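Number of protein chains: 2
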Amino acid sequence: MTSVRNRSRLRKGEGEQLRREILAATRDLLAEKGSHDLVSIRDIAHRVGVSPPSIYLHFETKDQLTYAVCREAFEGFGARLLPILAGEGDALDRLRRVGEAYIRWGLDNAALYPVLFLGEPPESMEHEVMAGDPGLLVLAGLVALVRLGMDEGAIRGDSTPEATAWAMWAAVHGTVLLLSSKREWMQSHLAEADTPIGIPGVDELIETVIEAVFRAFSPADG
Amino acid sequence: MTSVRNRSRLRKGEGEQLRREILAATRDLLAEKGSHDLVSIRDIAHRVGVSPPSIYLHFETKDQLTYAVCREAFEGFGARLLPILAGEGDALDRLRRVGEAYIRWGLDNAALYPVLFLGEPPESMEHEVMAGDPGLLVLAGLVALVRLGMDEGAIRGDSTPEATAWAMWAAVHGTVLLLSSKREWMQSHLAEADTPIGIPGVDELIETVIEAVFRAFSPADG
Chain L
811 MTSVRNRSRL
821 RKGEGEQLRR
831 EILAATRDLL
841 AEKGSHDLVS
851 IRDIAHRVGV
861 SPPSIYLHFE
871 TKDQLTYAVC
881 REAFEGFGAR
891 LLPILAGEGD
901 ALDRLRRVGE
911 AYIRWGLDNA
921 ALYPVLFLGE
931 PPESMEHEVM
941 AGDPGLLVLA
951 GLVALVRLGM
961 DEGAIRGDST
971 PEATAWAMWA
981 AVHGTVLLLS
991 SKREWMQSHL
1001 AEADTPIGIP
1011 GVDELIETVI
1021 EAVFRAFSPA
1031 DG
Chain U
811 MTSVRNRSRL
821 RKGEGEQLRR
831 EILAATRDLL
841 AEKGSHDLVS
851 IRDIAHRVGV
861 SPPSIYLHFE
871 TKDQLTYAVC
881 REAFEGFGAR
891 LLPILAGEGD
901 ALDRLRRVGE
911 AYIRWGLDNA
921 ALYPVLFLGE
931 PPESMEHEVM
941 AGDPGLLVLA
951 GLVALVRLGM
961 DEGAIRGDST
971 PEATAWAMWA
981 AVHGTVLLLS
991 SKREWMQSHL
1001 AEADTPIGIP
1011 GVDELIETVI
1021 EAVFRAFSPA
1031 DG
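Chains L and U, in that order, are what the protein sequence lines are. In terms of this note's numbering, the first sequence opens at residue 811 and continues consecutively. In terms of this note's numbering, the second sequence opens at residue 811 and continues consecutively.
FYI, nobody ran anything at the bench for these hints, they're computed from the structure. Some clues are possibly wrong.
To be verified - Each computed EDC-like pair below joins lysine to aspartate or glutamate, with the alpha-carbon atoms no more than 16 Å apart:
no., chain 1, residue 1, chain 2, residue 2
1, L, Lys843, L, Asp853
2, L, Lys843, U, Asp847
3, U, Lys843, L, Glu930
4, U, Lys843, U, Asp900
5, U, Lys843, L, Asp847
6, U, Lys843, U, Asp853
7, L, Lys843, U, Asp853
8, L, Lys843, L, Glu910
Claimed, not checked - Selected chain L positions facing chain U (in silico; Cβ < 8 Å):
no., residue
9, Ser861
10, Pro863
11, Ala950
12, Leu987
13, Leu988
What the hints assert, rightly or not - Computed beta-carbon distance windows for the label pairs:
no., chain 1, residue 1, chain 2, residue 2, range
14, L, Asp1013, U, Gln997, 27 to 37 Å
15, U, Arg829, L, Arg829, 44 to 54 Å
16, L, Asp918, U, His856, 22 to 32 Å
17, U, Asp838, L, Glu842, 22 to 32 Å
18, L, Gly963, U, Leu848, 46 to 56 Å
Predicted model only: the values in this text are computed from it and were never measured. Beta carbons: idealized from backbone N, C-alpha and C, even for Gly.
Sequences are here, hints too, so could you generate the full structure?
See the structure below:
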């Protein structure tokens, strides 16, 4: 009886350690399966090596757990991009740096990226997602910076700030997804085949995309 | 006994009809589940209302069946885009039209698009995918048209034709995915909330992206 009581009343450090292990296992499973719907509390408990009730000591529902993982990832995303958006340099220069940082962050987090940027957040978490989500703060910061650049004449104003910001987002979003899925597949399966499909290098494609976005939204000459 | 024999020896038209129904059910299931791995012959048989062995009369393996669906979709994709790539007009004008047609086709096929353009093809089908796949023909045609445009001086030659073609692909790929996943989600969940996140219109974003790609790869002035 004593040993059972000891196990459920974990010392503070042990509880925190288990919580970290649960988050790490959930993150790995989300990355492997690609969707919240395909990961169960049972899978997570199995991966950590504990029983499902041990998970519920730390997280009330699966949605709260998968949301905690996504939130943590988006916090890393915000920590990387928000200082650039709000930092030094003219608008177009900051946009160029934020675009490259976005792609690099996406490739560093390639397995989780589709869960974060293609799927929908866990349903019961929608309210929290709306309130202060770092991913949405980055998007709001991007639109604000584009608007500022247009006001200063540093970014061309043919389109609305929203459409311009989303067009920039589409370019870097598509680049992350092509580099992490299609390019890898083509490289392993078409490289040895005698095929006319050329595959650009990672750095080469990133530079081409970033320079193209820069040129596309620079102000019109004279 | 006679009726059983009649059912297994289908008249020609009935077999073709069942084949179409199997393909349609598989297409729907792939679009709903988002991946080959999540669709089973049992699911497909259940959706059509036949037994699994009836499926095997038409397709030897699940891979052959899901490949047939993807192949059919890519044939529609090629039929829409290849005539533009190989058609009239200067290179940059054709690229502009092929870019817009790509996005419109992606939105018309939004549910199946991630299966076709994010996942990998069924493993056993890789050889067929390499040989004459219409999706790869479009990519090869795009690279060839970019190369032609660069030779003619109609497209700027700062990057390789491959990196330029992939950068264009990234822009339209990202646009299809943002419009069909993120924009829809934001519209339904952020519209009623008092949020500063502006959401561009579909036509507005498509036009902004296409014009931006056009400007980005036009030859440098003077």
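Kindly indicate which numbered hints from before are broken by the structure, ordering the numbers from low to high. 4, 7, 8, 9, 10 and 16
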